[in-house]
Structure formats: structure tokens, C-alpha cells
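A.B. asks: Working from the sequences, and respecting the hints, build out all of it.
Each chain is listed here by its residues.
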Amino acid sequence: MEEWQKKHILDIKNFSRLELETILSLADSFKEISKREVKKVPALRGKTIVNLFFEHSTRTRTSFELAAKRLSADVVNLTSSTSSLTKGETIVDTIKNLESYHPDIMIMRIGVGVCLESFTKYTQASIVNAGDGCNEHPTQALLDMFTVKKSKGTLENLNVLVVGDIAHSRVARSNIFGFQKFSSKVTVCGPTTLIPYEFEKLGVKVSNDLDREIPSADVIMMLRIQKERQGITFFSTMRDYVERFGLTPVRLKKAKKDCLVMHPGPVNWDIEISSSLKERVHPLILKQAENGLAIRMAVLYLVGTKKRKI
Amino acid sequence: MSNPKGKKKILSQEDIKKTLYRLTHQILEKISSSEGLALVGIQTRGVHLARRIQAIIKEIEGRDIPLGVLDITLYRDDLTAIGPTPTVRETSLAFDLSDKVVILIDDVLYTGRTVRAALNEIMDFGRPKRVEFLVLVDRGFRELPIRADYVGKNIPTSRQEVVEVKLKESDSIDEVTVIRGSD
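Protein chains in written order, with this note's numbering: chain A, 1 to 310; chain B, 1 to 183.
If you're looking for bench data, these hints aren't it; they were derived computationally from the structure. All residues carry an ideal CB built from backbone N, CA and C; glycine is no exception. Take the hints with a grain of salt, since some may be wrong.
[Stated by the list, open to error] Quick look at which bits of chain A chain B covers, simulated, 3 or more residues with Cβ under 8 Å:
1. 34-47
2. 298-307
[To be verified] Far from chain B by the CB rule (all over 10 Å, computed), these chain A residues:
3. Leu71
4. Ser84
5. Val204
6. Asp209
C.D. replies: What follows is the structure, encoded as C-alpha cells:
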């Protein structure tokens, strides 16, 4: 294996194809550990990892914590609502204070308008992006790619259709960068108001007609409508949205037989996906969550065992 | 025979075959058939050797002995000290270790650190009755109080030398050579 160069995991955009492949193949080996009776290996024994979440999360936070624990690292969890951020301490001051405990890795989820990379100058630790605003969510894209690779056997020359709230989606952006590195074509589909102009520059196809895109898709990624980010209204009514962009049994019938339907979770049933499709689509969505743990173990292993310059 | 870079053949294909038969007989002589025997190979060449021994036992006694595969990477004591992050391969111990006599198998015994890591990993999978260690080549220079129970060949080496074990399963040839280092 080539020497792992990246100290931080900030974005898929700046990953090479080889680096992505390294993580995916490592994750394959790590999957087995979670099936053991003793679900723990000593790879990161003695390392300290801080889980710093300024936004809510179930899957990402839990799986990062479990990933760290299964590699024997010590983990501290901090969420904005239970930290001194509520007393007015700034994020930078919080990081500087945590730095005095000498953590090795800081896993961070932050909101819109904060630049994760700018924090690297306040800490010696590796920073791992667990979702930053509307920018990127690298481990989500990695677990999506891993899930596709496991099901399809390849990541190359696929038609990936990303549907929904593209504007607010860090998942969409990370997946676009990731799949393009494997020569797959990405189409984003949603209301015009939820697809910023900049997406055309990313080399993706932009569409507002879901029915037209479904038949050629190998993978359909349904994105969550992020009600918490919809300060202003981007579409007339939820009913209208579902009518045009919800995945229904009728729509799915037009898809290829082996088309994968994925969702980063949490799913708003009957909005993004009809609840009558639950039986068909939920197993793979849960598989995504399972794969997320292995991906996060692989990422923490790579940055956690990287030789440090002292 | 030409000898580029001071390469010396220690075991030929025939030698390796005879050695594995001898070692297998030693195992069967020492461990009664009533005891639950299991083989565990250390990735990568230890696994090849374990498979061959498994086949020899089948040939001699007609018994199927369970076989496990161990990748010790995550148990190494130098994970954060070594340069390139090592890749992690498959570990698979799909049988119950309790009350088993486990024969741990590797190609070369050198510092003993791999064996230490392997023992720790095995213990995380269960509590075997006993663990014994089989190695094709013992080249000396132990850094831990570890010894092998079954040794194919003792090869006196210097630290500058490299012992290279090639097995058909991964290297298309069966041979053991000692290569003198450049420095």
C-alpha cells in the first residue's frame, strides 16, 4: 500500500482515485471486526478522539464513536447544546481548549458558513469532517460508494441519479466528486429553486424531470428534504414536491430491475420515498448505515496511525 | 549456479514438501486425535502453509481439521511508528476456539513480535486449551521470550540478511532463500 499522505479528512474533492480505493478496500477488512464476539482491535490504543458535533446527528455521531471504540481509542463526545458554546464560547476557543488535552483526532460536524480547514491551525490533531454545512460530507459519500461497489461490483461507468434538495446537500456534493473520479455520470434532479447554478460547472447533468431520468439510472440517491434549513420556501407545497420528486411505486417501475435506491437517512417516509416501498428499499438503506461504521473505522485508522512529525 | 547479490537457496520445493510432512507427523504424534486440533495461519504465507498441513492431515488420517486465518496488522506494536500504513487483510476464525489445541503457523520466526500480536488476537476470539507454534524457518534474533514448538529449519543469519520464503500459492514457486543485504 502507498503511504497515506493526508493528515485531515476534509473533502472528497481533493482525494485521488487511489486514495478513495484505499479507504474502500480497508473498509472491506474492517467489516468483519464488527461481527466478532469481541468487537475490538488494539490499533488505536492510547489515542484520544474528540467527537465535536455542532449539529444534530444519529448515524454519523454514533458510528464515528463506535468506530473509534472498536479501534480501542478513547472517545470524548461533545455536542453544542451541552457545551460551553451555549455560554457564548466561540468554536475557535472551544477547539483551542480541547487542544490542551492533546487529542489525536477531532471529528467535527459544523453548520453553514464555517470553514473547517481554517481550524487546522488551532490544533495538532487530525480533523475529520463529519459534515460541514452545505459543503461536503466525505464519509457519507465513501459509505455510499462502498455500498454501491458491494452491490454492483464496480463504481465505474454508472449512471447515478441524485434527487431532491441538492442546494443544501453536502451529501450530493461529496458523492458527485467521488463518483466522477470513477468515470460515473451524475445527474442531479430537483426543483430549480433547489439546484444552484454552480452545479452545472461540476460537470453533472441538471434535470427537473424525475420521470425522464429514472429509466437510465443505475443508482438513485434520494436526499432528505431538510426542513431545518428551509428558512424560506423553495417549493410551493410539500404535496406538490412529492408529486414531482417523490419516489413512488409507479415511478420505480420504470427503473432498471437492478437499480439501487439509497438514502443517507433519516428518511421522511411518504415525502422522499413512499412508505409502500419500505420493504423494497429499507434493507439497502440500513446496509448503508452498517457500511458507514466500517468506512469510519478505515478513515480513523488511516489518520490515526499516520506517522507524526515530532 | 550463478549467485547474483549473494542469494543462497536454503530449501527447495522437495525440501519444503518433506519438511511439511515431517512437521505434520510431529504434530500428530504429539497431539492425540481425541484432542480438538485447529490450525491458524498468519497472513499471508502462514495461511498457505496451514492449508498444506491441513491437506496432509487429511491424507494421513482422513480427518478434516478446522483452519483459521489471522491478519495481525491491527495488533502490531509499531502501527504508529512504521512508515507506510500497512494494509489490513482478512481475519477469519469461524470456529469455536475453546478446548481446542491451536497450532499457530507462520513462514519465518524472527523477532517474535508477530507471534505476540497473533497470540493477543487469538485470545480476543476465545480461550483455546493450548496454543503451539509452527514455523518453516527460524532465523534467530528474538526480541521477546518466544520459541517455536515445531521448526522446519533453523537458519543462522545476520541481521543484514533477508530470508525470503516463496510459496506457489502467491509466488508461483516453492523455495526459501537467504539474500545478503546491500549494506
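A.B. asks: Flag every earlier hint the structure violates by its number, smallest first.
C.D. replies: 3
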